[in-house]
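S.K.: Spelled out from the first residue to the last, the chains are:
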Amino acid sequence: MINAIHQPQTILVLGGTSDIARAIVRELESPALQQVILACRRPSEADLGGFGDHSSVVAVEFDATDFENHTQFIDGVASKYGDLDIVIQAFGQLGTEARDDPASAARLASVNYGGAVSSGLAVAECLKKQGHGTLIVLSSVAGIRTRPSNFIYGSSKAGQDAFATGLGHALHGTGVNVMTVRPGFVRSSMTTGLDEAPFSVDPEDVAVAVAKGLQRGSDVVWVPGLLRMVFGLLRYAPGFVWRKLDS
Amino acid sequence: MKTETIELAGWGGTAPSVASVVDVTADELTSEGSLTALDPHGRGLIARGLGRSYGDPAQNGGGTVLRLQPGANPIHLDPATGTVTVDAALSLDTLLREIVPQGWFIPVTPGTRFVTVGGAVASDIHGKNHHADGSFGAHVERLTMLLADGSQRTITPTSDPDLWWATIGGMGLTGLITEATFRLIPIETVHCLVDNERIPNLDTLIEKMITGDHRYRYSVAWIDLVATGASLGRAVLSRGNHATLNELRSYVPKAAENPLVFDPPVFPDVPSGMPNVLNRTAVRAFNEFWYRKTPREHHGTESLSAFFHPLDMVGQWNRLYGRHGFLQYQLVVPFEAVETLRTIISKVSEAGHASFLAVLKRFGAESGGLLSFPTPGWTLTLDLPAGAAGLGPLLAACDDLVLGAGGRHYLAKDAYASPAIIRAGYPRLDEWKAIRSSVDPEGMWASDMARRLDLI
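Keeping their order, the protein sequence lines are chains A and B. Note that our numbering gives residue 71 to position 71 of the first sequence, counting from 1, and the numbers run on in steps of one. Note that our numbering gives residue 1216 to position 216 of the second sequence, counting from 1, and the numbers run on in steps of one.
For the record, the hints were derived by calculation from the structure and aren't laboratory data. Hints may be right or wrong, so weigh each one.
Claimed, not checked - Facing chain B, a subset of chain A residues (Cβ under 7 Å, in silico):
id, residue
1, Met-1
2, Ile-2
3, Ile-5
4, Pro-31
5, His-132
6, Gly-175
No residue lacks a Cβ here, since even glycine has one placed at the ideal position from N, Cα and C.
With these hints in hand, go ahead and build the complete structure from the sequences.
M.R.: The following block contains the structure:
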């Protein structure tokens, strides 16, 4: 059970190798935190270090596209470790090359969107049963208006974002909250080697914004906050302007 | 029985959860026979009275919350023995309106009349007279409980000592208290003779309380936490005794004509959706006013409700903290730990979090409840807005100081602690857990607090 000052006791990370998710866990650390569960494809390779000494950290095997087993997986974690206060949906593929390969593009969509829907619904059901809890969905501004240079990734994030905000509304009154996080370009291992976009941030910046959002009870968190206004305008920029901005 | 699925929070308005809430009387529950049908989700049951615990002991996310309603004829007063047997769902407010005109008062009253008797036992509450009379549990003679297996049992401290001392202060996790018999105290008037003093700093306050508290049945100090430096711990010390009829005649002859008329006013509630108006500036101004308005020394009479329950005049005053709510941090440290107390007060003052209510009081003897909070020493209570920045590190530092001095935290106020903090403060926790398991092996009674603090 999260406490009065929004310090969680149990955090489950779906996509436990995500730099952003790990930064969020570090930001939410307090003496109240008891258990961190990092769910990832190869748990034996997961880095369990880098967290404070209050909590116990474990890695468990999780496949974002193993849709059939998501409910069983989430319920299993909850029955073993107790109520889940925070679940961070952080898995995803960037796949900038996917546009040349329809099959791999569809696989990317399957991870980023299909996996988000399947695991998101399983998490929602689990949190509903406990009457409290927050699902933090790491979306991206890439999904707000898809860019020609990464529209496959962008379209999958658009789907994930729409799913997350819709799920949040659908769960109103159940005690479960969904926070959709929309960072701009984040300097992380997933983006190493890519050109930085304007308004770039570090995983730690996202973490601070998420912690603040938890305090405030925000449904949507933009990082940096200015992007909310920027994308408010860019969404409606004429096509030639948008293409120019991406080139 | 009416069931609805709603979100519940404690009085502090923090960390809510959604549960099936059943409005029910003790009789209706008892006639059910089995409690299993009330727990379709397998997340257990917990009793809720008037929801005045600050944190999450009376909420049960995903499970069932039994919101107890008093049945018919809830009060049986026995003037010959000075005891009363009441439906545990009864509020102290209703009880007082019945017994005060007959010349009786409850042995222990918290700062509000809007708690139930069941909650008073389950939290083993204390009042301004703890140094003289102990906690509520010390005055209870008999309890009737509904146990996890659906059976009813009437217990006394001698018939079932284990279950008794696990239930006094047991946060409703040993069973549901349906009826309580406890001793009352006789009063001649609805007034108290009160001495209010303005105290310039913490050292003087401590000195005054140590040397003078024994002359008063009731004693409490309100501390201005906004004050720092040489004024650190400046306070208004308020102490008093019940006024006898003769005393009232000499002070307020007119009031002595009807000495037992008890009809405390109830003002409208603070509206919901209120922003946090208890910000730093407002609290600073209020504290200054409150300190200055008290004469250096004042001796006079105060009505029972003004002396014991001043906050009850503002209905739903918790809403003044806005949507983020607030938490109340209450600790006790042994008498010798004055320096710890000073460090905590100065840390909170320096942090600059506006604490509207900071109260210091001396505790007397323990009641014997395994999870009862009061233990001899100083108890300090702070109200803090939950949205304040930097609260986590501040409270963590205070926790270390409290536990380092051999102190503990009050479960009925807690909305923040971790299992380790409670384990360190309550050395008899395992003993309590063993007794609880023996009367509730399947874990029927459960709450958000119980899960959060690993009590079950």
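S.K.: Each hint should be assessed against the structure and marked as holding or not.
M.R.: Here is what the structure says about each hint:
Because the beta carbon of Met-1(A) sits about 4 Å from the nearest beta carbon in chain B, less than 7 Å, this interface hint is met. Evaluation of the Ile-2(A) hint against chain B yields a held restraint, the C-beta minimum of about 5 Å falling below 7 Å. Of the supplied interface hints, the one on Ile-5(A) holds, with its beta-carbon coming within about 5 Å of a beta-carbon of chain B, less than 7 Å. Residue-level restraint check for Pro-31(A) holds (minimum Cβ-Cβ distance to chain B is 5 Å; threshold 7 Å).
Interface restraint check for His-132(A): the shortest CB-CB distance to chain B comes to about 4 Å, inside 7 Å, so the restraint holds. Taken as an interface hint, Gly-175(A) checks out: its beta carbon lies about 3 Å from the nearest beta carbon of chain B, inside 7 Å.
Checked against the numbered hints above, the structure violates none of them.
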